[in-house]
Amino acid sequence: ETGVTQSPTHLIKTRGQQVTLRCSSQSGHNTVSWYQQALGQGPQFIFQYYREEENGRGNFPPRFSGLQFPNYSSELNVNALELDDSALYLCASSLAGLAGGFETQYFGPGTRLLVL
Amino acid sequence: AQSVTQLDSHVSVSEGTPVLLRCNYSSSYSPSLFWYVQHPNKGLQLLLKYTSAATLVKGINGFEAEFKKSETSFHLTKPSAHMSDAAEYFCVVSEKTGANNLFFGTGTRLTVIP
Chain A
1 ETGVTQSPTH
11 LIKTRGQQVT
21 LRCSSQSGHN
31 TVSWYQQALG
41 QGPQFIFQYY
51 REEENGRGNF
61 PPRFSGLQFP
71 NYSSELNVNA
81 LELDDSALYL
91 CASSLAGLAG
101 GFETQYFGPG
111 TRLLVL
Chain B
1 AQSVTQLDSH
11 VSVSEGTPVL
21 LRCNYSSSYS
31 PSLFWYVQHP
41 NKGLQLLLKY
51 TSAATLVKGI
61 NGFEAEFKKS
71 ETSFHLTKPS
81 AHMSDAAEYF
91 CVVSEKTGAN
101 NLFFGTGTRL
111 TVIP
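These protein sequence lines are chains A and B, in that order. Residues in the first sequence are numbered consecutively from 1, following the numbering used here. Residues in the second sequence are numbered consecutively from 1, following the numbering used here.
None of these hints come from the bench; they were simulated from the model. Note that CB positions come from ideal geometry on N, CA and C, so glycine has one too. Do not take every clue at face value.
Said to hold, decoys possible - So the derived label-pair ranges between C-beta atoms look like this:
no., chain 1, residue 1, chain 2, residue 2, range
1, A, 79, B, 114, 21 to 29 Å
2, A, 17, B, 15, 42 to 50 Å
3, A, 104, B, 113, 30 to 38 Å
What the hints assert, rightly or not - Reference excerpt, derived from the structure (chain A facing chain B, CB under 8 Å, subset only):
no., residue
4, 41
5, 42
6, 43
7, 45
8, 48
9, 58
10, 86
11, 87
12, 90
Unchecked claim - Away from chain B, derived, C-beta distances all over 10 Å, residues of chain A:
no., residue
13, 2
14, 4
15, 18
16, 20
17, 22
18, 61
19, 62
20, 65
21, 67
22, 71
23, 75
24, 80
25, 82
26, 84
With these hints in hand, go ahead and build the complete structure from the sequences.
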């Protein structure tokens, strides 16, 4: 176990709805990254949060947004859900080093989202 | 830009025989390379990582990988497969710049035959 927790474990929504997924980072970690893993695919980077600010974003539309809180936990929000948003959403935490580099990312178990 | 190619989508081996999962990478900068494993309905677990130290990297559960810059490869090996090794394996590249996001390959499903 990595110490990274995600909630909920499973979620069913309908097209057009909004969803919020939550992640608690491993103790001592200050950086959270979110990934989308479609069925049969490798995870794809959505965005990363460091010190409560977005620190990089993948090729995802603005309806994917996030937050990081002072305790380093994070939320992923998706508005106007589409059928293709059905996937496993993974959160990973890491520690930014003093030199600016980031250490290994440790993943949570994921939230499986189904959009009908 | 970074990218990863996992050369086999599915590998099948008999229990007790060697495992070889192949990975080639492309990176504009000095990369960090990782192998992660994903068991069914579980999250991703780090097997090993290369970050410009020794080119032969030892990981957990008897796995190891060798970084070969001339071949842009980072193949994963294990001398003897165990039933519990059956899972999906991902080769991952990250450049030591910017947001340190991970680029995943499409995965290799390892089946272990009793």
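Consistency of the hints with the structure:
1. 79/A x 114/B: 21 to 29 Å: Violated - the Cβ-Cβ distance for residue 79/A and residue 114/B, about 48 Å, lies outside 21 to 29 Å.
2. 17/A x 15/B: 42 to 50 Å: holds (46 Å)
3. 104/A x 113/B: 30 to 38 Å: 32 Å Cβ-Cβ, so the 30 to 38 Å window holds.
4. 41: Holds, about 6 Å.
5. 42: Given a least distance of 3 Å, the restraint on residue 42/A holds.
6. 43: holds (5 Å)
7. 45: holds (4 Å)
8. 48: holds (5 Å)
9. 58: holds (7 Å)
10. 86: violated (16 Å)
11. 87: violated (13 Å)
12. 90: holds (7 Å)
13. 2: The claim is violated: residue 2/A sits with its nearest Cβ about 7 Å from chain B, within 10 Å.
14. 4: violated (8 Å)
15. 18: holds (25 Å)
16. 20: holds (20 Å)
17. 22: The assertion about residue 22/A holds, with a minimum of 15 Å to chain B.
18. 61: For residue 61/A, whose nearest Cβ neighbour in chain B is about 17 Å away, the distance exceeds 10 Å, so it holds.
19. 62: holds (17 Å)
20. 65: holds (16 Å)
21. 67: holds (17 Å)
22. 71: Answer for residue 71/A: holds, closest chain B Cβ roughly 21 Å.
23. 75: holds (18 Å)
24. 80: Given that every Cβ of chain B is farther than 10 Å from that of residue 80/A, nearest at about 24 Å, it holds.
25. 82: Check passes; 22 Å lies beyond 10 Å.
26. 84: The claim holds: residue 84/A sits with its nearest Cβ about 18 Å from chain B, beyond 10 Å.
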